[in-house]
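Chemist: Spelled out from the first residue to the last, the chains are:
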Amino acid sequence: MALTGIEIFKLLPKTNCGDCGVPTCLAFAMNLAAGKAELTACPHVSEEAKEKLSEASAPPILPVTIGAGDNALKIGGETVMFRHEKRFENACGIALLISDTMADAEVDARLEKVKNLVYERVGLTLSANLVALKAESGDAAKFAALAGKVKSGSEANIILMSEKTDVLAAGVKACADKKPLLYAATKDNADDVAALAKENDCPVAAKAAGLEELAALTEKLTAAGLKNIVIDSESRTIRQALEDQIIIRSSALNKKFRPLGYPTIVFPGEMTDNPMKEALIASMFIAKYAGIIVLSDFQGESLFPLLVARLNIYTDPQRPLATTEGIYEINNPDENSPLLVTSNFSLTYFIVSGEIENSKVPSYLYVKDTEGLSVMTSWAAGKFSADIIGPAIKKSGIADKIKHQKLIIPGYIAAESGGLEEELPGWEIMVGPREGAHIPGYLKGWKA
Amino acid sequence: MAFEIPKTAYSGKIREMALGKGDKAVTVGGETAYPFYLFEGEMPNLPKIAMEVYDMPPEEWPEAAMEPFTGVTDDPVAWAQKCIKDYGAEMICLQLLSTDPNGLDRPADEAAQVVKKVADAIDVPLIVWGTANHDKDTDVLRAVAEIVQDKSLILGPLEEGDYKKIGAAAIGYKHTVVASTPIDINLAKQLNILLGNLGVPDNLLAIDPTVSCIGYGIEYCYSVMERMRMAALTQQDDKLQFPIICNIAKEAWKTKEAKISEAEDPKMGDAKKRGILLEAMSAIVLLLAGGDVLIMRHPEAIKLVREMIADLTAK
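Protein chains in written order, with our numbering: chain A, 35 to 482; chain B, 279 to 593.
Treat the hints as calculated values from the structure; they're not laboratory data.
Hints may contain errors.
Claimed, not checked - In silico BS3-like cross-links for lysine-lysine, where the CA-CA straight-line distance does not exceed 30 Å:
1. B:Lys285 <-> A:Lys120
2. B:Lys545 <-> B:Lys395
3. B:Lys551 <-> A:Lys149
4. A:Lys147 <-> A:Lys120
5. A:Lys84 <-> A:Lys108
6. A:Lys322 <-> A:Lys147
7. B:Lys545 <-> A:Lys149
8. B:Lys528 <-> A:Lys478
9. A:Lys120 <-> A:Lys48
10. A:Lys478 <-> B:Lys550
11. B:Lys452 <-> B:Lys395
12. B:Lys534 <-> A:Lys402
13. A:Lys120 <-> A:Lys176
14. A:Lys322 <-> B:Lys467
15. B:Lys532 <-> A:Lys440
16. B:Lys532 <-> A:Lys402
17. A:Lys322 <-> B:Lys551
18. B:Lys291 <-> A:Lys289
19. A:Lys70 <-> A:Lys254
20. B:Lys532 <-> A:Lys394
21. B:Lys285 <-> B:Lys302
22. A:Lys311 <-> B:Lys394
23. A:Lys221 <-> B:Lys581
24. A:Lys261 <-> A:Lys311
25. B:Lys395 <-> B:Lys363
26. B:Lys551 <-> A:Lys402
27. A:Lys108 <-> B:Lys285
28. A:Lys198 <-> A:Lys108
29. A:Lys120 <-> B:Lys517
30. A:Lys232 <-> A:Lys168
31. A:Lys120 <-> A:Lys221
32. A:Lys478 <-> A:Lys429
Excised from the complex, chain A in its bound form (with noise of 0.2 Å):
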């Protein structure tokens, strides 16, 4: 069972050099305590101390990578059941699922969607960039011919999918350089497909019916030396499938069950015929603990609300999403318009944002860098006060933009007028509404 950081600590070197990244022996036998460091950043360990830690730390839901290079997805690595414990670490990858059988223009265009649909959001971009590719024609070339054209026309990371060893060989080949997830080892083919991931590098998902057969084959795959395993259930329906979620991340958090200490893949696509349902039982997956979620097809209404979601839910509930400072330019406004400031976090700025867009009123909302903090709370922590607000508003080349000199700050700071109007002199301060969605009607009544 777990070793404790100190436990870990006597069998380090305990030289403090640094070179696992961490500036102690002690933080790093924390780290790795607390499944967030792996031995393997340590190079001075020695053989026996590797031994008696290398079960006791690993993380008890080993990250997996698929693909290579900067664009490469980490899955896995999860530590928590519930986000507000700690967090959850590595956003699960959303896939596209291509087949062998489809004609090339249908595959190419759904390549266009993985690399157009990308979106920004609070300065971040949100992409799904992962394919699946699926042998259904039973051709070992066909399939080749397809990977390598992925390899070669497309940025995405690939899931190879055939539980024959020849087909699959073929697709590795066609990509290998791409480090591609192997799509399944099952128990007739678990010898073959092992030896293809060993022999190329690559991750593999095992496939089983039920946990108990599933945790036998990934040992089976340990046994034979592999540790970058995606693993699969098989089941199809909704409620299993959910369940067997919840199940496999308790084994592993709750009872160091290391045969399913392993990122998740599952198909929403064989759970349902409708792509709207589709999408919800996506949704579930994202709040309930997939790795990898394969979609039948993309649509931009809903791998844009499921990205969002994604995001959400992967948030660090300790570390809240903020906006870049700056001007932003709401409903095309000119020089009569009226200048609105508020903090600069994320809900913050999306629901102001959101309401100013919502008014028509066309605007200027300046976003102030509150450390990501909401009004009120970054108002009470002092990084929001006239003094601080006054040289921003001066600073920001908003004077060049408006011919008025009226800024309109939020109610719940309404104590700041005073201060703001002997920092900005001649401006007028106008105390607007405490919530977002009276700022419509406030702005529809005012004058320049």
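Please arrange chain B on chain A, whose structure you already have, making use of the hints.
Modeler: Leaving out everything else, chain B in the frame of chain A:
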């Protein structure tokens, strides 16, 4: 290694609560495990969906949200009846938008008469929702409580600033109240205690944790709801063992992501389907965190979520 299914050690249970009166009354709550963790415990009553009706014609709704209610949006009675007859609503939520002091500011008595008309015209449980303006909600919901005496309404939101007077009226006429707090487990617990001290019986109290839509902070209410369920079920915190009501529809449909047309931003895809999915996906996420009653709008979103609830609880 031998595999055994790990089980959470539960010590508490969510209170069961009857909503409404007569044949169409519904029961919610009663869970003895986390939402849909049916291998660990029971969910004797499936989550329910209340369909939204507004007491004035909505403005600025996207076309997709208006279309299912064409012809009835200026008549809350007809609207509610349509929801029940055409869309199989098992509950109705009447949103008293017209009473907003920043809007039409309809007087309390007038608003209450509308509630009465709707209540008299339907037999499913009726949630009546104010505008979260303390003074106005006090007037309006007290008038509603009195004028619609014998219907076992569900009244909300009751907030720290107005719970006493509305709560007292609700106690007097045996209505259920919804305690509303801004995304905070401690504030929620405190308000539940205050309402208990006031005399609201445990079986007439539900929690509104303040929910938001995907992209607008759903992760906050998601985690607050998960923490509530954790405290209620594993730490025997009986002040949090109440059913949770999620007023999600208006949060989803007011977002710009639900409104923007495909022509404006082709990458966002079909606007109608996107709006439906934003609402339905938000609902699914909230169900997984512990929602017992969802207040929803679009019939297709509701149909999808109902199917999901059935699938998640299939034998």
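Chemist: Each hint: holds or not?
Modeler: Taking the hints in turn, this is what the structure says about them:
Simply put, Lys285 of chain B and Lys120 of chain A have alpha-carbon atoms about 21 Å apart, close enough for the 30 Å limit, and the pair holds. For the proposed pair Lys545 of chain B and Lys395 of chain B, the alpha carbon gap of about 45 Å is over 30 Å, so the pair is violated. At roughly 22 Å between alpha-carbon atoms, Lys551 of chain B and Lys149 of chain A fall within 30 Å of each other, so this suggested pair holds. Our distance criterion of 30 Å between C-alpha atoms is broken by Lys147 of chain A and Lys120 of chain A, whose separation comes to about 34 Å.
Distance check on the hinted pair: Lys84 of chain A and Lys108 of chain A sit about 24 Å apart at the alpha-carbon level, within 30 Å; holds. With a C-alpha separation of about 26 Å, the suggested pair Lys322 of chain A and Lys147 of chain A falls inside the 30 Å cut-off, and the hint holds. Between the alpha carbons of Lys545 of chain B and Lys149 of chain A the distance comes to roughly 11 Å, so the proposed pair stays at or under 30 Å and holds. For the proposed pair Lys528 of chain B and Lys478 of chain A, the alpha carbon gap of about 22 Å is at most 30 Å, so the pair holds.
In summary, the hint linking Lys120 of chain A to Lys48 of chain A is supported, as the alpha carbons are separated by about 28 Å, within the 30 Å threshold. A distance of roughly 28 Å separates the Cα atoms of Lys478 of chain A and Lys550 of chain B; the hinted pair therefore holds under the 30 Å criterion. Between Lys452 of chain B and Lys395 of chain B the CA atoms are separated by roughly 19 Å; this keeps the pair inside 30 Å, and the hint holds. With a C-alpha separation of about 22 Å, the suggested pair Lys534 of chain B and Lys402 of chain A falls inside the 30 Å cut-off, and the hint holds.
Taking the CA atoms of Lys120 of chain A and Lys176 of chain A, the gap is about 46 Å. The hint is violated against a cut of 30 Å. Our distance criterion of 30 Å between C-alpha atoms is met by Lys322 of chain A and Lys467 of chain B, whose separation comes to about 26 Å. Straight-line distance between C-alpha atoms of Lys532 of chain B and Lys440 of chain A comes to about 28 Å, which keeps the hinted pair within the 30 Å bound. Restraint check: the Cα-Cα separation between Lys532 of chain B and Lys402 of chain A comes to about 25 Å, which is no more than 30 Å; the hinted pair holds.
Taking the CA atoms of Lys322 of chain A and Lys551 of chain B, the gap is about 24 Å. The hint holds against a cut of 30 Å. Taking the CA atoms of Lys291 of chain B and Lys289 of chain A, the gap is near 25 Å; set against the 30 Å cutoff, the hint holds. For the hint pairing Lys70 of chain A with Lys254 of chain A, the CA-to-CA distance comes to about 26 Å; that is within 30 Å, so the pair holds. Annotation: proposed proximity of Lys532 of chain B to Lys394 of chain A holds, straight-line Cα distance about 14 Å (limit 30 Å).
Note on Lys285 of chain B and Lys302 of chain B: the hinted pairing is violated, with a Cα-Cα distance of about 36 Å set against a maximum of 30 Å. Note on Lys311 of chain A and Lys394 of chain B: the hinted pairing is violated, with a Cα-Cα distance of about 37 Å set against a maximum of 30 Å. A C-alpha spacing of about 39 Å is found between Lys221 of chain A and Lys581 of chain B, which places the hinted pair above 30 Å, so the restraint is violated. Restraint check: the Cα-Cα separation between Lys261 of chain A and Lys311 of chain A comes to about 34 Å, which exceeds 30 Å; the hinted pair is violated.
The hinted pair formed by Lys395 of chain B and Lys363 of chain B meets the criterion: a straight-line CA distance of about 17 Å does not exceed 30 Å. For the suggested pair Lys551 of chain B and Lys402 of chain A, the alpha carbons sit about 35 Å apart, so the restraint of at most 30 Å is broken. A threshold of 30 Å between alpha carbons decides the hint, and for Lys108 of chain A with Lys285 of chain B the separation of about 29 Å falls inside it, so the pair holds. A threshold of 30 Å between alpha carbons decides the hint, and for Lys198 of chain A with Lys108 of chain A the separation of about 26 Å falls inside it, so the pair holds.
About 25 Å separates the Cα atoms of Lys120 of chain A and Lys517 of chain B, which keeps this hinted pair within 30 Å; it holds. In summary, the hint linking Lys232 of chain A to Lys168 of chain A is supported, as the alpha carbons are separated by about 21 Å, within the 30 Å threshold. Annotation: proposed proximity of Lys120 of chain A to Lys221 of chain A is violated, straight-line Cα distance about 36 Å (limit 30 Å). Taken as a hint, the Lys478 of chain A and Lys429 of chain A pair is honoured in the structure, with Cα atoms around 28 Å apart against an allowance of 30 Å.
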